[in-house]
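Novice: Read off the chains here:
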Amino acid sequence: MNQQHLTIAQATLLEPTGLSAEHLNQLMQKLTNVNGSDFADLYFQYSKNESWSLDEGQVKTGSFNIDQGVGLRSIVGEKTAFAYSEDLNLSAILTAADVVSAIGRQGQDVQAKNIWRPQGIKPLYSELDPIASLDDASKVAILEQADRAARDSDPRVKEVMASLSGVYEVVLIVTSDGRQVPDVRPLVRLSVSVIVEQNGKRERGSSGGGGRFGFDYFDSSMIEHYSNEAVRQALVNLEAVDSPAGTMEVVLGNGWPGILLHEAVGHGLEGDFNRKGTSAFSGRIGEKVASELCTIVDDGTIADRRGSLSVDDEGNQTQNTVLIEKGILKGYMQDEHNARLMGMNVTGNGRRESFAHLPMPRMTNTYMHAGEHDPEEIIKSVKKGLYAVNFGGGQVDITSGKFVFSSSEAYLIEDGKITAPVKGATLIGNGPEAMQTISMVGNDMSLDPGVGVCGKDGQSVPVGVGQPTLKMDALTVGGVQL
Amino acid sequence: MSELNLAKAAEFAIDYAKKKGIDQSEVSLHLGTGISIAARQQELETVEKHNDAQFVISLYKDHKTGSASSADMSEQGIRNTVDAAISIATYTGADPCFGLADADRMATQKKDLELYHAWNADEAEMLGIAMRCEQAALESSDLITNSEGASVNSYSGSDVYANSHGFLSQSRASQHSISCSVIGSNGDGMQRDYWYHSSRNAATLDSPEEIGLVAAKRTVARLGSRQIPSCQATVMYDSATAKSLISHLIGAIKGGAIYKKASFMLDKVGQEVVPGFMTIAENPHKLGGFNSAWHDGEGVVTPDYRAIVDGGRLQSYILGSYTARKLGLESTANAGGVRNLSVSNTGQTTEQLLSDMGTGLLVTELIGSGINMVTGDYSRGAAGFWVENGEIQYPVEEITVAGNLIDMYRNIVAIGDDYDNRSSTECGSIVIENMTIAGS
Chain W
1 MNQQHLTIAQ ATLLEPTGLS AEHLNQLMQK LTNVNGSDFA DLYFQYSKNE
51 SWSLDEGQVK TGSFNIDQGV GLRSIVGEKT AFAYSEDLNL SAILTAADVV
101 SAIGRQGQDV QAKNIWRPQG IKPLYSELDP IASLDDASKV AILEQADRAA
151 RDSDPRVKEV MASLSGVYEV VLIVTSDGRQ VPDVRPLVRL SVSVIVEQNG
201 KRERGSSGGG GRFGFDYFDS SMIEHYSNEA VRQALVNLEA VDSPAGTMEV
251 VLGNGWPGIL LHEAVGHGLE GDFNRKGTSA FSGRIGEKVA SELCTIVDDG
301 TIADRRGSLS VDDEGNQTQN TVLIEKGILK GYMQDEHNAR LMGMNVTGNG
351 RRESFAHLPM PRMTNTYMHA GEHDPEEIIK SVKKGLYAVN FGGGQVDITS
401 GKFVFSSSEA YLIEDGKITA PVKGATLIGN GPEAMQTISM VGNDMSLDPG
451 VGVCGKDGQS VPVGVGQPTL KMDALTVGGV QL
Chain A
1001 MSELNLAKAA EFAIDYAKKK GIDQSEVSLH LGTGISIAAR QQELETVEKH
1051 NDAQFVISLY KDHKTGSASS ADMSEQGIRN TVDAAISIAT YTGADPCFGL
1101 ADADRMATQK KDLELYHAWN ADEAEMLGIA MRCEQAALES SDLITNSEGA
1151 SVNSYSGSDV YANSHGFLSQ SRASQHSISC SVIGSNGDGM QRDYWYHSSR
1201 NAATLDSPEE IGLVAAKRTV ARLGSRQIPS CQATVMYDSA TAKSLISHLI
1251 GAIKGGAIYK KASFMLDKVG QEVVPGFMTI AENPHKLGGF NSAWHDGEGV
1301 VTPDYRAIVD GGRLQSYILG SYTARKLGLE STANAGGVRN LSVSNTGQTT
1351 EQLLSDMGTG LLVTELIGSG INMVTGDYSR GAAGFWVENG EIQYPVEEIT
1401 VAGNLIDMYR NIVAIGDDYD NRSSTECGSI VIENMTIAGS
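Residue numbers (the working numbering), protein chains in the order written: chain W, 1 to 482; chain A, 1001 to 1440.
Each hint can be trusted.
Taking lysine to aspartate or glutamate and the DMTMM-like style, the derived pairs with C-alpha atoms no more than 25 Å apart in a straight line are:
#, chain 1, residue 1, chain 2, residue 2
1, A, Lys-1049, W, Asp-87
2, W, Lys-158, A, Asp-1095
3, W, Lys-456, A, Glu-1043
4, A, Lys-1049, W, Asp-457
5, A, Lys-1326, W, Glu-197
6, A, Lys-1049, W, Asp-67
Calculated directly from the structure, the hints in this document are not laboratory data.
All chains, please: the whole structure from these sequences, using the hints.
Specialist: Now the structure itself:
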């Protein structure tokens, strides 16, 4: 691991309260001094978060937050004990460790292991602090430019709401198998949404992007792109007619519509649900769960991406994990706990919202590999159907496999041509069945612009999705027009 | 930091801001501790201890605002956080509407709303409750084949809100809950459902066995679910899902959405937005309520009762001091949201509603968030039961229910007396005519 990261992590998390290697050892002894202890870890985290928001043409509010603390976890078989402390003084952490070690009867002393630091993990993003990397006046200027660009692009723009946020996070993960792994994680995001009005009718549109880098990513052309995109979407929706209702052919655009994969496939392939046998995909490795055109991966290793991590929150290097290859289910996304219990390898998918939350298997960047079709050819093949290119949120019931995702920009396809825009509608399907109906996959794979947030068990983490344009032969469209 | 010191920390922060030349400031401080115990397959699965601290300051200088927060409530920590907020307020734009709520609206009469009830159960007892809950579910039917487990949660916290008008309030609150989620299978697929109960006072929680049984019953009822053909039909939202319709209405009349013109409920005050038989009121002083408070998030005195919708007519928007000033109105003491809604009913039981409906869809679960708050367009994934002759026929899934909220509210024909008491909105089942169901 990067020596510089370790220096930053120690200076940020350990040195202010004088925590030494010996203290860490003492804490780990407490956590593992339990009969049958399988694994324990300490997750030190410092995070700094700043956000600014604009409406009515001016940046009205800004907020700044600093959090730090340590999460302590001990695992015995299927049992997990967890506590955390916002106080990084040894005495406070020892108290939390006592709570955790009370999970089992006291056992024999576990041999202290040599500390080793995984070598050769290449950081996927810079260690800069995005919040400090740009002065506040310039941050305000980014939002003001977004506002102007949107208003200048069309007189029907009545309101612009924009927000800019930056996160700087330093973590140090200390594990019972002797690893000490640091990471320094920047994350920025710019969101623009607009309200347009024409003849008394109002509509909205939104856009944005970001990733693990500094605010300099948002240069003039990028800001204008987001603003124009939000306005374009809102104006399209002003003309939208009622969406059709019923099961039909659906073509999904490339990029962000990959939320399909996140909901229809991704959650159902997280290790915890499959260990417990509660997923519609449980016990189906080696089976055909999608059409042979589908190769789907979860890839935490793409440089600078919002969903990427150099190491996951358990100190394991992230991977490019093949979930489905040519339609065949190949593997699950695993964290330490579930991989151990299932006798599988960790895949670097152990993630947590913060030190105050337990890690669990989570996605990073989930996407489908490109196919062979020209996107235009795909549209041409549809007699009557829906072409959906932008989406809001989605959700899945992993047990029944039912997933939904809601379009925010969609069009009718009639006789192979894109015709009228239609109002947003929720699309619903059954994961393993819907994926079998994918009959064409485009050659235009792209990743989303970097705004995704995934929620699971009350914990939010940043994620990415992507896909090429693709056609599903039968998906239920939740419009109002029968 | 102890509870006693929370008030001192609040005063220290406001004093420090004053010394730094800040005209107005307000602070919120929270300390909380809790425990969550989960059991699965009749074994302990996780024990989680919570121990939270949060200090938030918002300040106003020359009609500019900034806010900052941190868990660090040491004097130095507070100074750093206040400094960060001041730095933010240097760069934000001025808006004459910013500032504390008016001093003459501050609450003066502290009320004990019975929000804090200690629960002295230890971990072993809580584990026992979780196991009994799950056991009841597992043993209730051979069709229950797996479990996501049962959990028991208990959380207590102390809160202080203070502002530079000299207002300071300190309160304690607790919340306890039991939940259970189980899986059923019948050969052609698995279904999952859950149930929970939650209360400020653990003594009033439903029994763990009852919660487990309801979770199992709901799961078994969903086995054999199928898609139905797309159609126009009457839809009955059960009391657990009906609350979401009320929350969309509240969201659309919040001052922030109104002044930005980002709502489908613009210019509707005084107009009939739901049928005349409907009244939606808030009850901020409800004893033991999930959202009770004698002052709002800015110290403004809350009323004992306020009708937001009366006889179908919208009475006012939901306003804090900023949004009220933006709209040239008075704050409705809703900084921080609405407090304990109650929705009137038309007197029928669940069974009577089904019988009156005759044919239609009973919705028991909604997924996804396909709602456009600017236009009111509504389309959500749903699961539930198909009803004919007033009787449940079979479970339904993989469908959507869609319409426009403006029409949906007008098309409400009945509201049951079958209140769901598990949240801050008390509302029975709601029956809406003429919705579009998309299916096969």
